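K.L.:
Letter 91 of the sequence shown, counting from 1, is numbered 100 in our numbering, and no numbers are missing.
Note that these hints are calculated values from the structure, not bench results. There may be inaccurate statements among the hints.
[Unchecked claim] Cross-link-like lysine-lysine pairs, in silico, DSSO-like; alpha carbons within 30 Å at most:
#: 1; residue 1: Lys33; residue 2: Lys139
#: 2; residue 1: Lys116; residue 2: Lys45
#: 3; residue 1: Lys45; residue 2: Lys64
In this text, all values refer to a predicted model and were calculated from it rather than measured experimentally.
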Amino acid sequence: MTAHMVETITSTLVKYREEIRGMKEAGTMMIGYARKSHTRETVSNRVRLLQQMVKTLETRSLTDCIYIFSICASNKPFAERDMPRPESMMKKLKGTQGTSQVTTDQKVCLATVDFAGLTRDHNDLYELVKQYESITAIAVDLIPSGNGVVILEREKILS
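All chains should be built: construct the whole structure from the sequences, respecting the hints.
P.N.:
Following this line, the structure appears as structure tokens:
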């Protein structure tokens, strides 16, 4: 990795964290979101990969809480993603909170690691934001791929 790439990643991360701190000061909760597709890997490997996502969300997106969908296709509607929930696997993950079916009146920014971690269906994303008025933004961390961070404001998603 070149010195220029390191500098770019570092400055992007600093700016991203400043933006997150500003949102938090304005009363927005940062909720981390991660999912893992159906694959043939072992449970221990799946837990390890999900745990890496949790750590990334905690350290880069400064999340207040994190919800995990441990076996979920990216095209599955959000409302169906927690069902059924593999509790034995979920107990092995540290730093995560129950089900995403919980609601809040507090302003929320959903944070995720890359777009594939969220959804491949823009209509599902639209419906999610439309249904939950508390979602004011979605932050997509693309730092590892060198594409920075994308923060989608609620109004832009709904327009």
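K.L.:
Indicate, hint by hint, whether the structure satisfies it.
P.N.:
Verification of the hints:
{"no.": "1", "hint": "Lys33 x Lys139", "in the structure": "holds, 22 Å"}
{"no.": "2", "hint": "Lys116 x Lys45", "in the structure": "holds, 26 Å"}
{"no.": "3", "hint": "Lys45 x Lys64", "in the structure": "holds, 15 Å"}
This entry satisfies every hint, going by the numbered hints stated previously.
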